[in-house]
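Undergrad: If you're matching them up, the sequences are chains A, B, C and D in order. The first sequence runs 27 to 170 under this note's numbering. The second sequence runs 27 to 170 under this note's numbering. The third sequence runs 27 to 170 under this note's numbering. The fourth sequence runs 27 to 170 under this note's numbering.
In case anyone wonders, no lab produced these hints; they're calculated from the structure. We put the CB at the ideal spot given by N, CA and C, even for glycine. It cannot be assumed that every hint is accurate.
[Stated by the list, open to error] Straight line, CA to CA, 25 angstroms or less: simulated DMTMM-like cross-link-like pairs of lysine to aspartate or glutamate: (1) A/LYS36 with B/ASP115; (2) D/LYS36 with C/GLU32; (3) A/LYS36 with A/ASP162; (4) B/LYS36 with A/GLU47; (5) A/LYS36 with A/ASP71; (6) A/LYS36 with A/GLU111.
[Said to hold, decoys possible] Listed next, with one range per pair, are the computed distances between beta-carbon atoms: (7) B/GLN96 with C/ASN70: 45 to 51 angstroms; (8) D/ASN70 with A/LEU160: 20 to 26 angstroms; (9) C/GLU47 with D/THR30: 58 to 64 angstroms; (10) C/GLY131 with B/ALA39: 56 to 62 angstroms.
There are 4 protein chains.
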Amino acid sequence: MHVTFEEAQKAIAAAIKKAEETGTQMCIAIVDSGSNLKAFARMNDAWVGSIDIAVKKAKTACYFGMPTGQIGQLSQPAGPLYGIEHSNDGLITFPGGLPIVNQDGILVGAIGVSGSSVENDHIVAKAGAEAIGLSDLPAHPWRT
Amino acid sequence: MHVTFEEAQKAIAAAIKKAEETGTQMCIAIVDSGSNLKAFARMNDAWVGSIDIAVKKAKTACYFGMPTGQIGQLSQPAGPLYGIEHSNDGLITFPGGLPIVNQDGILVGAIGVSGSSVENDHIVAKAGAEAIGLSDLPAHPWRT
Amino acid sequence: MHVTFEEAQKAIAAAIKKAEETGTQMCIAIVDSGSNLKAFARMNDAWVGSIDIAVKKAKTACYFGMPTGQIGQLSQPAGPLYGIEHSNDGLITFPGGLPIVNQDGILVGAIGVSGSSVENDHIVAKAGAEAIGLSDLPAHPWRT
Amino acid sequence: MHVTFEEAQKAIAAAIKKAEETGTQMCIAIVDSGSNLKAFARMNDAWVGSIDIAVKKAKTACYFGMPTGQIGQLSQPAGPLYGIEHSNDGLITFPGGLPIVNQDGILVGAIGVSGSSVENDHIVAKAGAEAIGLSDLPAHPWRT
Chain A
27 MHVTFEEAQK AIAAAIKKAE ETGTQMCIAI VDSGSNLKAF ARMNDAWVGS IDIAVKKAKT
87 ACYFGMPTGQ IGQLSQPAGP LYGIEHSNDG LITFPGGLPI VNQDGILVGA IGVSGSSVEN
147 DHIVAKAGAE AIGLSDLPAH PWRT
Chain B
27 MHVTFEEAQK AIAAAIKKAE ETGTQMCIAI VDSGSNLKAF ARMNDAWVGS IDIAVKKAKT
87 ACYFGMPTGQ IGQLSQPAGP LYGIEHSNDG LITFPGGLPI VNQDGILVGA IGVSGSSVEN
147 DHIVAKAGAE AIGLSDLPAH PWRT
Chain C
27 MHVTFEEAQK AIAAAIKKAE ETGTQMCIAI VDSGSNLKAF ARMNDAWVGS IDIAVKKAKT
87 ACYFGMPTGQ IGQLSQPAGP LYGIEHSNDG LITFPGGLPI VNQDGILVGA IGVSGSSVEN
147 DHIVAKAGAE AIGLSDLPAH PWRT
Chain D
27 MHVTFEEAQK AIAAAIKKAE ETGTQMCIAI VDSGSNLKAF ARMNDAWVGS IDIAVKKAKT
87 ACYFGMPTGQ IGQLSQPAGP LYGIEHSNDG LITFPGGLPI VNQDGILVGA IGVSGSSVEN
147 DHIVAKAGAE AIGLSDLPAH PWRT
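Starting from the given sequences, assemble the full structure and let the hints guide the process.
TA: Laid out in structure tokens, this is it:
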């Protein structure tokens with residue numbers, strides 16, 4: 027199951043609204059459950075370097091069905107997943123990427139946000155994801 | 027000078043309207059005058075393989091300030107630009123990518139469309155570009 | 027909708043059987059409808075260079091929902107899609123890749139075969155795809 | 027000397043059996059002694075992001091003839107192999123990849139598993155490797 031284009035647009039609109047409320051300029055990416063890009067928006071004055079980070083955050087959250095920051099906690103030096111960022115053409119494992127889960131607990135895609143502090147990136151991503159679904163995963167089985 | 031996010035949204039909306047009129051399912055990418063992604067939309071049921079092609083068409087049109095199909099005419103075997111597709115992490119040189127030029131003749135970005143025949147891709151790209159500017163370049167100098 | 031692992035195994039077994047009947051040594055890849063690898067098999071004595079070709083054929087067939095050879099007819103010099111192989115990290119556009127379509131006309135994945143002549147590659151891919159579905163696409167809408 | 031396709035199939039079947047016993051959903055890759063992919067399986071509901079990690083674990087274990095986790099101990103900050111993950115198009119150096127060694131002490135390939143905790147990944151990889159050989163290397167010389 028995949029996020030639809032209409033849902034992706036709705037999520038981006040909600041993320042932009044939250045970004046404006048927080049006075050930030052964000053790049054926002056939505057991928058479907060196969061981690062393929064569905065929609066993308068770069069607000070005016072957002073960092074050019076955030077384009078790829080937003081996309082990679084969305085892909086990372088989808089690849090493993092969890093918030094990017096959760097992977098980052100495991101990928102620190104001496105952590106169990108140290109170096110996982112070298113896989114899949116580059117992961118981004120700090121906060122700002124969240125899975126998007128539908129009402130039946132199915133992963134339908136993910137959102138990635140980059141452009142400010144990781145705290146703000148996370149807040150904006152959460153606003154986007156929750157405009158169309160949940161960002162918390164139920165217990166297994168939940169995958170697409 | 028760069029296309030604004032509001033202009034990018036307007037171009038994508040116009041492109042989607044034209045795609046719907048032609049009964050096609052498109053991927054549509056807008057880049058700014060630095061060839062960096064500004065906005066992207068994948069309509070429902072558009073080919074997954076068209077994501078990258080739409081983005082590359084937009085970048086290609088911006089890199090050289092001309093329609094992608096015009097480059098493709100020069101990159102055929104025995105042509106002066108044979109093999110140019112190997113540059114810049116991959117160009118797409120068949121129709122569907124157009125520069126976006128403002129009223130002062132300045133290149134402000136480009137649009138790339140993929141998802142149907144190259145004729146349809148071109149028609150949809152043209153509708154998108156012309157919603158916010160021109161797709162024909164004036165004589166030099168025109169660059170940003 | 028995605029091909030299941032059990033279906034992927036069944037398709038590979040059928041492809042191997044056909045390869046043995048034709049006296050060939052093949053690499054066989056199955057991807058799901060997001061073009062992500064589901065299963066892969068390299069028969070003994072198959073070319074090492076065919077690993078990547080089989081995977082790229084499967085991805086190519088899935089990306090555009092059509093036989094790889096059909097794309098190759100359009101991507102010849104002076105053809106409308108000349109140079110499309112530069113997209114998506116490299117396409118393979120000669121025969122040997124086929125979409126896998128279920129009984130409802132939904133694209134659920136694709137198969138890619140490499141290791142012999144393109145005629146043999148196609149025959150083996152067809153045997154694999156048809157063990158679990160159709161390789162001919164209905165009229166639109168058919169996409170996942 | 028290389029692992030045969032029949033052995034690769036046997037190793038994957040044993041790994042899947044162990045994954046089912048542990049209630050996990052795994053990606054499992056087998057490479058030959060040249061680090062070239064021989065067979066691959068993605069169980070239903072396994073993470074899409076684990077495809078590349080499983081393959082990279084198998085390649086990493088084969089490239090250096092040792093368990094991936096052993097390399098990871100050397101690649102930590104201030105360690106002698108810090109940053110080795112940047113080589114060979116990306117290594118994965120946490121547990122889940124193991125060499126496969128035959129009865130004569132010859133490296134014939136490697137297995138990589140990804141999809142759960144690194145402890146589970148290792149257990150499943152070990153079950154796969156030991157279905158067809160040893161995963162402990164004898165003293166040098168042992169290479170193919």
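Undergrad: The structure should be examined with respect to each hint, and the outcome stated for every one.
TA: Against the structure, the hints:
Between the alpha carbons of A/LYS36 and B/ASP115 the distance comes to roughly 32 angstroms, so the proposed pair goes past 25 angstroms and is violated. A C-alpha spacing of about 16 angstroms is found between D/LYS36 and C/GLU32, which places the hinted pair at or below 25 angstroms, so the restraint holds. Our distance criterion of 25 angstroms between C-alpha atoms is met by A/LYS36 and A/ASP162, whose separation comes to about 19 angstroms. This hinted pair checks out: B/LYS36 and A/GLU47 have alpha carbons roughly 23 angstroms apart, not beyond 25 angstroms.
A threshold of 25 angstroms between alpha carbons decides the hint, and for A/LYS36 with A/ASP71 the separation of about 22 angstroms falls inside it, so the pair holds. Restraint check for A/LYS36 and A/GLU111: not satisfied, since their Cα atoms lie roughly 30 angstroms apart, outside the 25 angstroms limit. Between B/GLN96 and C/ASN70 the beta carbon distance is about 50 angstroms. The supplied range of 45 to 51 angstroms therefore holds. At roughly 22 angstroms, the beta-carbon separation of D/ASN70 and A/LEU160 lies within the given 20 to 26 angstroms, and the hint holds.
In this structure, C/GLU47 and D/THR30 break the distance hint of 58 to 64 angstroms, their C-beta atoms being roughly 20 angstroms apart. For the hinted restraint 56 to 62 angstroms between C/GLY131 and B/ALA39, the CB-CB distance of approximately 30 angstroms leaves it violated.
Consistency note: the structure conflicts with the earlier hints numbered 1, 6, 9 and 10.
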